[in-house]
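Generate coordinates for the entire structure from the input sequences, incorporating the hints supplied.
Listed below are the residues making up each chain.
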Amino acid sequence: MTVGGPATDGQGADPGRWIIRAARVAGYGGPGGEIADILLSGGSIVAIEAGLNHSGARVLDADGLIALPGLVDLHTHLREPGREDAETVETGTAAAALGGYTAVHAMANTEPVADTAGVVEQVWRLGRAAGHCDVQPVGAVTVGLAGVRLAELGTMADSAARVRVFSDDGRCVADPLLMRRALEYVKAFDGVIAQHAQDPRLTEGAQLNEGEMSASLGLAGWPAVAEEAIIARDCLLAAHVGSALHICHVSTAGSVEIIRWAKSKGWPVTAEVTPHHLLLTDELAAGYDPVFKVNPPLRTAADVAELRRALADGTIDCVATDHAPHPVEAKETEWSEAAFGMTGLETALRVVQEAMVDTGLLDWPQIADRMSIRPARIGRLAGQGIPLGAGAPANLTLYDPAAPAEAVVPGASKSRNTPFAGLELPGRVVATFLRGTPTAADGKLA
Amino acid sequence: MCAASSPVAGRDGLAVLDAEEIRRALTRIAHEILERTHGGDEVILLGIPTRGVPLAHRLAGRVAEFEKLTVPCGSLDVTMHRDDLRLHPARALGRTELPADGVDGKTVVLVDDVLYSGRTVRAALDALNDLGRPRAVQLAVLVDRGHRELPIRADYVGKNLPTSQREIVRVLLCEVDGQDAVMIGEEGSRP
Amino acid sequence: MKRHLISAADLSRADALLILDTAEELAQLADRPIKKLPTLRGRTVVNLFYEDSTRTRISFEAAAKRLSADVINFSAKGSSVGKGESLKDTALTLEAMGADAVVIRHSASGAAHRLAGWVQGSVLNAGDGTHEHPTQALLDAFTIRRRLRGGRGGTGGRAAPPYGGSRGSSPRTNTALDGLRVTIVGDVLHSRVARSNVLLLSTLGAEVTLAAPPTLLPLAVGSWPCAVSYDLDSELPKSDVVMMLRVQQERMTAAYFPSVREYSRRYGLDVARMARLPEHAIVMHPGPMNRGVEIAAEVADSSRSTIVEQVANGVTTRMAVLYLLLGGTEFPAVTQ
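Protein chains in written order, with this note's numbering: chain H, 65 to 510; chain B, -15 to 175; chain V, -2 to 333.
Because the hints were derived from the structure by calculation, they are not lab data. Treat each hint with caution, since some may be false.
Beta-carbon label-pair distances, calculated as ranges [claimed, not checked]:
(1) Gly195(H) with Ser220(V): 46 to 54 Å
(2) Ser220(V) with Ala446(H): 49 to 57 Å
(3) Asp175(V) with Gly89(B): 40 to 48 Å
(4) Glu81(B) with Gly284(V): 30 to 38 Å
(5) Thr423(H) with Asp12(V): 36 to 44 Å
(6) Ala366(H) with Glu81(B): 40 to 48 Å
(7) Lys235(V) with Glu347(H): 31 to 39 Å
(8) Ala251(V) with Gly208(H): 23 to 31 Å
(9) Arg70(B) with Pro234(V): 46 to 54 Å
(10) Phe404(H) with Pro255(V): 51 to 59 Å
(11) Asp67(V) with Gln149(B): 35 to 43 Å
(12) Pro234(V) with Arg7(B): 56 to 64 Å
(13) Ala485(H) with Ala269(V): 53 to 61 Å
Remember, it's a predicted structure, so these values are computed and weren't measured experimentally. Even glycine gets a Cβ: it sits at the ideal position worked out from N, Cα and C.
Next up, the structure:
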């Protein structure tokens, strides 16, 4: 498979024009997607059809590849400003592009916290300068993530960064009154509060899912109810005030049940799940390797099964990576001293293929929905997550699901804390296009 | 004492001593011990596990028959003093049981089944050294098969058995193996 | 035996009996004029104690020295980045010093596991956070066996000789603890001694019951090889062994129980409760004790109490473990 190269009719190729040949376009034609050529020009998709004329365009042979709308991540930690030792906007978005992402939402728990227009605009500008994918900053709900006072949500919404998603992720907005106020306040500008559901009192010093593993390993338990109780409360609050609630990184079967119930009442609740919660369980903690330490913690096989079912039936709306890079010294220590978090941008699609597609739970058009269309809708993100079709922006991802399973190796992220290191995963992101320009190709930045 | 039974030749090797010959050898050793220790004065018998122990008990029994003398009897495990520990995984320890009066001032007769390189006896001397100060230490073995690697010799020998280093000598005793015999076999036969 | 001793679950029944039988033989050393064996001469044992614990450290030190090993005591304050040298850096230093074995006590569960990944020698877990303390369980099993399964060919239950030394008599080799009923009382949730004992005692055939308030038991305790009771008084008449765990006063502020007084009243082993035990039953405590909280002074000092001999048995048992881990082949490529 080759990217670029001169047009085969010998004429000089226009760098802005691309023909993607013989891709299986998710959502185009029949349910499985049909094979077609995609013509990109001027940042848009001009046509999708079999047998398109490719004169004047650079050619990308996509035989055997799936074409998806560019992936959108609702939950990423780019660490800049403040923790550039772990990641920067440049390296994080590079990792995103290699993972097939054309847009990421950068969470607000930076240093300083993104609780003012100034910080969110800085992150937004850094994203534009790097140019690997769109960076949509997330604003903090409370000042300094302290959970005491609302941050200037309206100013952040009006800023150049046009913040719509607000989250104290890393911390829970635990005060029910404050959560109510936040939900109400963002109605004015069609904002959404994304809650990190973790009752602080029930999880003081908690290290690992509370269960058999934590009991035998002697690690303080993190009970499922600490997540579920907050979700239940916030669903009720969202319904009561009529505002949009998004639940970050759902991790338990009980949480799924509550969200299903809330949705059945027609309440404005959406939810995401991480790739690692679709694949890994708390049994991996047996060797005390903190690469498996994450917030919320890895749970049991029963939880994993329920989360997969929920993503399949749409109770959970989308996959969000919660990409959480950490420097080596934060992870190469005793479990209780180690930082929480796993990287995920570069492996997300492969993990989801393993957990959802190869198990027959989702097909590729549904993947497009869960990893691009819905996240963009929840994030109120213009120009992203638009199904592939004539006139749509040329944000797309080309993926080879039949690539031989290969061990996960270090990539573009500055940090190495991936729980999938050395694990064999299927698939390979072959190319990522952002408004008609390739940002990644053949496993390298373009 | 178990009923004498003939060892199976071939697979077990060749029998060079049968039960009757072993009995006579032990009788002779018992007499020799009495001769050379002024009638068993202040003698104790310490068998080296595993098979040195029943041999020591048999010798004590013989002496009691001849002289109506009770010779204190015990066992001395030498595992912790061996010089070849690091060549094998750590072994289980044998039992060390000393007679009530200890070893100080006694004539200790160490008893073992086979004397070969002499390293086991060297270890026994070291072990004994940490237990007290015997007046004298002597060595009684049922079989001396030669090939000493240290300047050690036995005071009492049941049978001298010249062997090649390729051969394996096995002593079988009723108390441990259900029969009495001394077997020689080639390397590769059942040890 | 494997290369490390990190959890009591590492020991099969055969492994555990080998350790106990070896300890039986080594116990005689205490009565000899020369309390030393040359077996580990030239080996280096490092005591890496991050938590203050003079008793356990001295026990390991005595055990190693009696086997003629060289002992290096490495005391480290703090345990991670920002507080001092990281565990990994310490491990690399020990590697460079050529430690054959590292005995580690640490406040973080899993520290021994992590260390084992960074050193070539053997790792002996002397207590990691709230996870395990396998040599404590071994010395407890050794003590129980001597007191209740002693006597060659007998069924045990001999009267104990007066104070001093390692009490009880020598059991047959290969005698386990089948059928003995052990009740462990106290803060099981935070107790590494409890975890190791539940595993080891059940491996050796004992029936273990945990007696504690529900707040001090792990939620998943139902999956452990033991029974659970909230009522100590009903367990006492059926117990051959009562093992009291230390209860920290700090647990009260975290709402594990309302007051020390109430805890003592419901779960403390006082003289009245001791009287309800069968005549042969023994009382154990890993130490250090909170006299008057989980155990009354008179109980701790009674003849049923094994607290003093547990200390002596600790040295013997640790000698057995050190011998079995280090006394044989070097470990260039032994797999766990």
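Each hint, compared with the structure:
1. Against the hinted window of 46 to 54 Å, the Cβ-Cβ separation of Gly195(H) and Ser220(V) comes to about 53 Å, which satisfies the hint.
2. For the pair Ser220(V) and Ala446(H), the supplied restraint of 49 to 57 Å holds, since their beta-carbon distance comes to about 51 Å.
3. Asp175(V) and Gly89(B) have their C-beta atoms about 44 Å apart, which keeps the hinted 40 to 48 Å range intact.
4. The hint said 30 to 38 Å for the Cβ distance between Glu81(B) and Gly284(V), and at roughly 32 Å that hint holds.
5. The given range of 36 to 44 Å is respected by Thr423(H) and Asp12(V), whose C-beta atoms sit roughly 41 Å from each other.
6. About 58 Å separates the C-beta atoms of Ala366(H) and Glu81(B), a value inconsistent with the hinted range of 40 to 48 Å.
7. About 35 Å separates the C-beta atoms of Lys235(V) and Glu347(H), a value consistent with the hinted range of 31 to 39 Å.
8. As the Cβ distance of Ala251(V) to Gly208(H) is approximately 27 Å, the hint placing it in 23 to 31 Å holds.
9. The supplied range of 46 to 54 Å is met by Arg70(B) and Pro234(V), whose beta-carbon atoms lie about 52 Å from each other.
10. Between Phe404(H) and Pro255(V) the C-beta distance comes to about 33 Å, which lies outside the given range of 51 to 59 Å.
11. Evaluation of the 35 to 43 Å hint for Asp67(V) and Gln149(B) yields a pass: the beta carbon distance comes to about 36 Å.
12. Range check, Pro234(V) to Arg7(B): about 57 Å between beta-carbon atoms, so the 56 to 64 Å window is met.
13. For Ala485(H) paired with Ala269(V), a C-beta distance near 59 Å keeps the hint of 53 to 61 Å intact.
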